[in-house]
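Letter by letter, the chains look like this.
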Amino acid sequence: MLAAVLILPLLAALLVLLPIGHRGRWPALVTVLTNAILLALALAIAAHVLYAGAFHEWNRSLSIDAFGALLLLLVTFLGFTTAIFSWGYIVERRVGATRTDKVRLYYTLYHLFILSMVAVPLIAHVALVWIAVEMTTLMSAFLVAYEDTPASLEAAWKYVVLTSMGAILGLLGVLILYWATRVAGDVPFTWAGLVTGAPHMPKTLLWTGFLLILVGFGTKVGLVPLHTWLPDAHSQAPSPVCALLSGVETSTALFVILRLFPVLQAAPLVADPRPWFIAIGLVSVGAAAFLLLQIRDYKRMFAFSTVEHMGIIMVAVGLGGMPAHLAAMYQLTAHALTKSFCFFAAGTTLAATGTQEVGAVHGLIHRAPLAGTALLLGGLAIAGAPPFVVFISEFSIFRAGLANGQYLSIALLALFVAVAFCALTFHINRIVFGRAEDSPVHAIPKPCLAALVIAAIPMLILGLYLPGPLAALFRAAAATLGH
Amino acid sequence: MINLFTEPLDAFCGGFFLLTAIGIVSTRQILACLRLFVIQALLLVAAALLIGVKLSSGDLVAVAVITFVTKVVAIPWVLKLSAGSEIYAQREIDQVLNIPLALLISAALVLFSYFVATPMVTAVGQPFTDINLPIGLAGLVLGAFTVTVRREAMAQLIGLLVMENGVFFASISIVPHLPVIAEISAAIDVPVMSLIIGLLIRRIHKRTGSTVVSELATLRED
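Quick mapping for you: the protein sequence lines, in order, are chains D and R. Be aware that the first sequence starts at 1, since it is given in the working numbering, and climbs by one per residue. Be aware that the second sequence starts at 1001, since it is given in the working numbering, and climbs by one per residue.
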């Protein structure tokens, strides 16, 4: 079952290149179907992990536990909704290309990008996980540059060079951790093996390896001050690509960093990682919140909000304890679901109005009621207004921190989240309401609307009601982060 | 015979490895930078063979072969193919830092690398780590420095490749028995990275007429 998740996108990447169908409908159809099957597989894998625990395949070279299953579920869900959105945006609206062979290339890269992201939670050997993370950058580079404008090429250049620099630093970190597992005895170089071997590892190796991975993969997550490429790439890429970059690509890199949290906690002589996670997280949340005030581009606004949310997850993990870790898993899920919806709404707005500038769009709700409503919902949801899912997840982080007695951290976090809330709602208000201009708007392709509706369902429902199996998956995933 | 001289020969490779890294920081001609990179990769191959024979590690011999095929043969070819020879033959007009200052900073970075590596070397005390870990770390840091101070796209890419070489120079001593599957995948990663970045350089050249990537600065906070 795990192998199928890797083979399917690879097959689809080739299948979409077949010159069948008219105007690129064939690759769009193949992509929606493949990602629907992947989502079904991910649900089956998650159910299996939930009732039978972590499991392995291919002589233990593929392996998945609850945290991995949750990430896999998020990647495949976003892969599915983004496939639908791409049908409208890339195939019907023809953003960035007039020729069908360029559309086919988009879809090939789309599948390879999905492949690299689903590989991260599935691969057991940590050195190979590193390669999967690096591949997420390389496979998405030309998706970022898809529109071929000087700005998008600039964004793609910064994206590839800076995240590759980070990845190479991370590689040394990974190899130093491997060295540590050899010194500690014959423990397997997997996430679980690192936790069991941690008490016997030399602390300098463990700590140096962790710091290299934190800086290296932190670049890819977009942790401040390593975030400089992120707003560029996440605003210049076509909107469906932004949904994947912001929604799950950052989370796959964060997954690697979070996996080391229980390893550090298991090593008694190494410094406590919790204050580090809280401090790094708060710096990101704070910087992003204040940078959000001055943005002029609404896609850039959602990109900075990603930096903010990555910081919130780091803080939640750093708070420590089961309730905080549970809230971190909740937040990871809430962010992926909501941010993809936000970028679909931003893409719909861009398709309707033709501009990304906040100051250039007024009265969107009158001019393009569907795009306006979507942007309003998305903006409120990602800012953390009730009854959306981000409100619940952020609230549970505050509650967990207060119960731990970490008043200062929570006060700062609440302050920054409030600043970000004001900034987001202020900008959204300027775009959505106000006097409508007479400039014409383009029709919105139907698949884009379908993707918005499907993406909105979990974003709304999970804010009001958390189904039992998903809650159990959150608990099991939180348990992998240790005590 | 070889056993007796392994350690000094490895140190010899390491010394020249470091010199090539510093050379790449300060060489303006892109083609000369690439030649230095190939020499550096050959030194990496030599060091991997030396340590591989000494520790009788088949994995390291595989690393040597893979490094030779990917870095000495494939990468120059991939770059010429993807970015085009015209970009290849360019010369950088100006650098962010002048050369004496860049060399001074490079020296400081090498010292810093020894400072970072020493606690790890003394904590474990494995053969060759006292030579390879600090020099590999210095290669990594000097590569990162190259990426930051060079304006030309191809020079930045070579900086990334120097970083990768540095990591491998360290890894042959710290993890001589890394599974071959990991080696092979890492080896595939490097040409793929060069290919993607090379193609991107060609696109940037075609679209903007220049490969001075430091001039791409329309996206910023204002």
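Hints were generated in silico from the structure; no laboratory data involved. Don't take each hint at face value.
To be verified - Quick list of the computed label-pair ranges, beta carbon to beta carbon: (1) 1210/R / 386/D: 18 to 28 Å; (2) 363/D / 1206/R: 35 to 45 Å; (3) 1111/R / 98/D: 49 to 59 Å; (4) 385/D / 1081/R: 27 to 37 Å.
For glycine and all other residues, C-beta sits at the position ideal for the given N, C-alpha and C.
Verification of the supplied hints:
1. 1210/R / 386/D: 18 to 28 Å: Violated, since residue 1210/R and residue 386/D (Cβ atoms, about 51 Å apart) do not stay within the stated range.
2. 363/D / 1206/R: 35 to 45 Å: 40 Å, holds
3. 1111/R / 98/D: 49 to 59 Å: Check passed, 56 Å falls within 49 to 59 Å.
4. 385/D / 1081/R: 27 to 37 Å: 52 Å, violated
Checked against the numbered hints above, the structure violates hints 1 and 4; every other hint is satisfied.
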